[in-house]
Amino acid sequence: MLMIAAGEIQKALIRVSELIVEAEPVLTEIDSIIGDGDHGTGMKRGFSAVYDLLNIKSFTAVPDLFYMTGMELLKKMGGASGVLFGSFFISGAKVQFQNEKEITLSEMSLVFRSGTDSIMKRGKAQSGDKTMIDALIPASRAFQEAVVQGCSRRECFERAYKASLQGAQATVEMIPKRGRAKNFRLDAIGYPDPGAISVTYIFGGLKDVLS
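Position 59, counted from 1, in the sequence shown is what the numbering used here calls 151; the numbers after and before it change by one each time, with no gaps.
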């Protein structure tokens with residue numbers, strides 16, 4: 093199916109929340125080495141709130157679903173990560189959908205692009221700065237290219253997930269230029285950016301359900 097219903101996206105975001113909550117120890121360990129050590133706990137706190145919300149309330153409109161997900165992250169995570177991850181979903185809610193109850197793959201591509209642009213604007217990060225952007229840009233681009241090529245829904249999400257993994261892995265060799273990690277400079281080489289790793293769980297959860 094090329095259309096994606098709000099209920100399917102809700103199930104996918106529940107899966108995303110599960111993956112990120114489970115990954116808290118990994119995210120905390122990485123951030124403790126090249127950051128301030130609170131990325132994992134912040135992500136767990138934010139996505140635990142999203143998990144609770146989505147298991148209590150059913151959404152029939154995609155914009156409402158993205159907006160409320162973003163607001164939960166913004167309110168519960170706190171800090172820069174809360175603003176950035178929250179803005180990703182809130183920006184996605186602003187896309188002009190033809191049908192709010194189910195969206196096309198092209199519209200989902202716009203959600204990813206809008207969210208990525210919002211994070212780049214707020215965080216002032218560029219590709220190569222060793223941030224979540226280094227996973228978001230390739231994932232968003234891979235999804236868009238797959239849609240343009242007329243790929244199946246499964247192929248679109250699988251390509252995006254694979255690209256996010258490759259992008260996150262590429263941060264291992266990068267020197268950080270943004271956030272707390274920039275203070276570590278060369279010492280940060282050899283470790284992936286925790287924000288980029290978090291992005292892989294988002295696309296992994298979407299892939300698990302929406303493929």
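No wet-lab data here; the hints were simulated from the structure. Be aware that one or more of the hints could be misleading.
Unchecked claim - Below 20 Å or equal to it, Euclidean Cα-Cα: the simulated EDC-like pairs (lysine to aspartate or glutamate) are:
hint : residue 1 : residue 2
1    : Lys274    : Asp156
2    : Lys254    : Asp300
3    : Lys269    : Asp130
4    : Lys216    : Glu199
5    : Lys149    : Asp130
6    : Lys103    : Asp209
7    : Lys167    : Asp130
8    : Lys103    : Glu121
For each hint, the structure was consulted:
Straight-line distance between C-alpha atoms of Lys274 and Asp156 comes to about 36 Å, which puts the hinted pair past the 20 Å bound. Note on Lys254 and Asp300: the hinted pairing holds, with a Cα-Cα distance of about 12 Å set against a maximum of 20 Å. Our distance criterion of 20 Å between C-alpha atoms is met by Lys269 and Asp130, whose separation comes to about 19 Å. Proposed proximity of Lys216 and Glu199 is contradicted: the alpha carbons are some 25 Å apart, above 20 Å.
With a C-alpha separation of about 29 Å, the suggested pair Lys149 and Asp130 falls outside the 20 Å cut-off, and the hint is violated. For the hint pairing Lys103 with Asp209, the CA-to-CA distance comes to about 25 Å; that exceeds 20 Å, so the pair is violated. Our distance criterion of 20 Å between C-alpha atoms is met by Lys167 and Asp130, whose separation comes to about 16 Å. The hinted pair formed by Lys103 and Glu121 fails the criterion: a straight-line CA distance of about 28 Å is larger than 20 Å.
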